[in-house]
Amino acid sequence: MTTLFTILFDGVAYGMLLFVLACGLAVTLGLMNFVNLAHGAFAMTGGYICAVLVNNSGWPFFAALPLAFVSAAAIGVALERTLYRHLYTRSHLDQVLFTIGLTFMSVAAVDYIMGSSRIFIKLPAALEGQFDFFGVGIGRYRLMIIVICGLLTVALQLILAKTRFGSRLRAAVDDPRAASGLGINVPQVFAFTFAFGCGLAGLGGALSAEILGLDPYFPLKFMIYFLIVVTVGGSSSITGPFLASLLLGIGDVAGKYYVPKMGPFVIYTIMIVILIWRPNGLFGRAATR
Amino acid sequence: MTAVSDVSSHAIARARWRPAEIAFWILAASCAFLFPSRYLIMTDIIRLALFTLSLDLILGYAGIVSLGHAAFFGVGAYSAGLLALHGIINEPVIALVAAGLIATVLGFLTSFLVIRGVDLTRLMVTLGIALLLEALGERFSNITGGTDGLQGIEMQPILGLFAFDMFGKTGFFYSLIVLFLLFLLARRIVNSPFGLSLRAIKNNPLRASAIGVPVNRRLIAIYTVAAFYAGIAGALFTQTTALASLDVFAFEKSADLMLVLVIGGTGYLYGGLIGAVVFKMLQEVFQTITPQYWLFWIGLVLVVIVLVGRDRMHRWALWLPNLVIRQVAGRKAVVAVPESDAP
Numbered sequence: 001m002t003t004l005f006t007i008l009f010d011g012v013a014y015g016m017l018l019f020v021l022a023c024g025l026a027v028t029l030g031l032m033n034f035v036n037l038a039h040g041a042f043a044m045t046g047g048y049i050c051a052v053l054v055n056n057s058g059w060p061f062f063a064a065l066p067l068a069f070v071s072a073a074a075i076g077v078a079l080e081r082t083l084y085r086h087l088y089t090r091s092h093l094d095q096v097l098f099t100i101g102l103t104f105m106s107v108a109a110v111d112y113i114m115g116s117s118r119i120f121i122k123l124p125a126a127l128e129g130q131f132d133f134f135g136v137g138i139g140r141y142r143l144m145i146i147v148i149c150g151l152l153t154v155a156l157q158l159i160l161a162k163t164r165f166g167s168r169l170r171a172a173v174d175d176p177r178a179a180s181g182l183g184i185n186v187p188q189v190f191a192f193t194f195a196f197g198c199g200l201a202g203l204g205g206a207l208s209a210e211i212l213g214l215d216p217y218f219p220l221k222f223m224i225y226f227l228i229v230v231t232v233g234g235s236s237s238i239t240g241p242f243l244a245s246l247l248l249g250i251g252d253v254a255g256k257y258y259v260p261k262m263g264p265f266v267i268y269t270i271m272i273v274i275l276i277w278r279p280n281g282l283f284g285r286a287a288t289r
Numbered sequence: 001m002t003a004v005s006d007v008s009s010h011a012i013a014r015a016r017w018r019p020a021e022i023a024f025w026i027l028a029a030s031c032a033f034l035f036p037s038r039y040l041i042m043t044d045i046i047r048l049a050l051f052t053l054s055l056d057l058i059l060g061y062a063g064i065v066s067l068g069h070a071a072f073f074g075v076g077a078y079s080a081g082l083l084a085l086h087g088i089i090n091e092p093v094i095a096l097v098a099a100g101l102i103a104t105v106l107g108f109l110t111s112f113l114v115i116r117g118v119d120l121t122r123l124m125v126t127l128g129i130a131l132l133l134e135a136l137g138e139r140f141s142n143i144t145g146g147t148d149g150l151q152g153i154e155m156q157p158i159l160g161l162f163a164f165d166m167f168g169k170t171g172f173f174y175s176l177i178v179l180f181l182l183f184l185l186a187r188r189i190v191n192s193p194f195g196l197s198l199r200a201i202k203n204n205p206l207r208a209s210a211i212g213v214p215v216n217r218r219l220i221a222i223y224t225v226a227a228f229y230a231g232i233a234g235a236l237f238t239q240t241t242a243l244a245s246l247d248v249f250a251f252e253k254s255a256d257l258m259l260v261l262v263i264g265g266t267g268y269l270y271g272g273l274i275g276a277v278v279f280k281m282l283q284e285v286f287q288t289i290t291p292q293y294w295l296f297w298i299g300l301v302l303v304v305i306v307l308v309g310r311d312r313m314h315r316w317a318l319w320l321p322n323l324v325i326r327q328v329a330g331r332k333a334v335v336a337v338p339e340s341d342a343p
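Chains as they are written, first to last, in this note's numbering: chain A, 1 to 289; chain B, 1 to 343.
Keep in mind that the hints were calculated from the coordinates and are not lab data. Among the hints, erroneous ones may be present.
In silico EDC-like pairs for lysine to aspartate or glutamate, Cα to Cα no more than 20 angstroms straight-line [claimed, not checked]:
1. K221/A / D111/A
2. K221/A / E138/B
3. K253/B / E138/B
4. K162/A / D174/A
5. K169/B / E154/B
6. K261/A / E138/B
7. K122/A / E210/A
8. K253/B / E284/B
9. K221/A / E252/B
10. K253/B / D148/B
11. K261/A / D148/B
12. K122/A / D215/A
13. K221/A / E210/A
14. K280/B / E252/B
15. K280/B / D247/B
16. K256/A / E138/B
17. K169/B / E91/B
18. K221/A / D247/B
The shape of chain A in the complex, shown without the other chains (with noise of 0.2 angstroms):
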């Protein structure tokens, strides 16, 4: 029975880290309507920025976290300014392959500069070893992902729901012509959330260094992940993709834990029954584009 709640404990922890690595990508693939395979590379420059604060530099741990968020937003900020933007309206493949150059790219920049080994961030002594609660082990580090992830995902819809800027973004979403039409400066709106998403990606990546490893090649092996995040939660709301990675997560490690040698058969197998039985994702709208 411990065992349970340890995996069920595991996978949340999981399932929030991947909602937030993730959920930029929901905006720009799910909202916008662009394909960005490239969202992994924001990930993993928050990742390594942070490990480089706090390894080389001596920064503490909590101190990075922000520069890491800060650092790949604005690296999204600039990108989507220069080369994005002009790829919103081309077809589907060219933005495929638009960001899969991209990811390569970043890929074989970080392998030249940082090495190909897998890096490890230091953490503070107070985030090491787990503690007992009623007999199920609680790890201190995913703890603290949780309460990070769940306040940024409370954050996020309420932004999302209560502000002004939120209420501009559903409706930028929801009609661009008409929604510039009312003055709101659509293209703006655009590339402050898909900074504010790749800044979110770039948390999720230096919290990530512990439990999903980081290395050069991470944006191509979780490019997946966060695609099915996306995919399966639809986009119609924050709500899908968090109820999807947090299915994602816990399916995941329980898979690992019962049949570890069936390995991600059992995810990529869901992802395809999901798609071909809701193929706009378990949560999204009926509508087609």
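For this one, chain A is given, so just place chain B on it according to the hints.
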């Protein structure tokens, strides 16, 4: 002239063999005598060309974006390897066809998954199938040899007459003949009414179904045919190199394939062949400059191609040949610019 006869005469005119095409194939065959020391890389190019031809059939003609085409290549490769390893079918040509048919069956079964949904769902499903097969290959490592791959494959002579030699001469001619035969078939397919209906579907599926084209059935058919081609390419890979490993399913393989096709141009059959030659030469160059980091340059090529615009790039590339043809023959250019991908 009625519209029907106009369309058919236009289609027949398009399907006619042109001098440039004949020259292309003579050049391809004469490479064997021009570069006798480079059979291995030339065989590699031919395999890649066949594989790209397969992707062109579904992407360039039918407009299905696939990120997991390596699945069929891998199935073909493993089928050919297992058939040879266990001595089930010793004759390479029959084994080749058998491996192609196994990939065809898989293509037919998965085509039902692919025709559902929009572009994004297709991307995910094709990618998922390739990854699924890779995971299966790892799971059943007692059959597939796991990460080490199949080892100890020994190929029997082709048709019992031509043994594979260590310089790859037999392999080269074998691959070239297979490519040529399959190219003829593909040429026939895309110039047939069936091929024309595929283009109609690609341009506008709704309109195509409105004029009575059974969209889903056509897509299933072409996807299955493309799986056959990819399976043959995979089987050729195993037969000429005598190895098969799990790399054949890797995502990088499908991504590279897209790059090859895009370099050559989508929507015309020579695109895949030209792309394969250019890609392998680029790869050689980059690997001599920076052996470890050539992935970076491949990525850069992709980004630049998309930013410049694929159509524009091909117009530039074809500018010189077209100029020469116009000056020499004094007529309209015969090397066509591939059709654009815009819907």
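Practice item. Check each numbered hint from earlier against the structure, then list the numbers of those it violates in ascending order. Key: none
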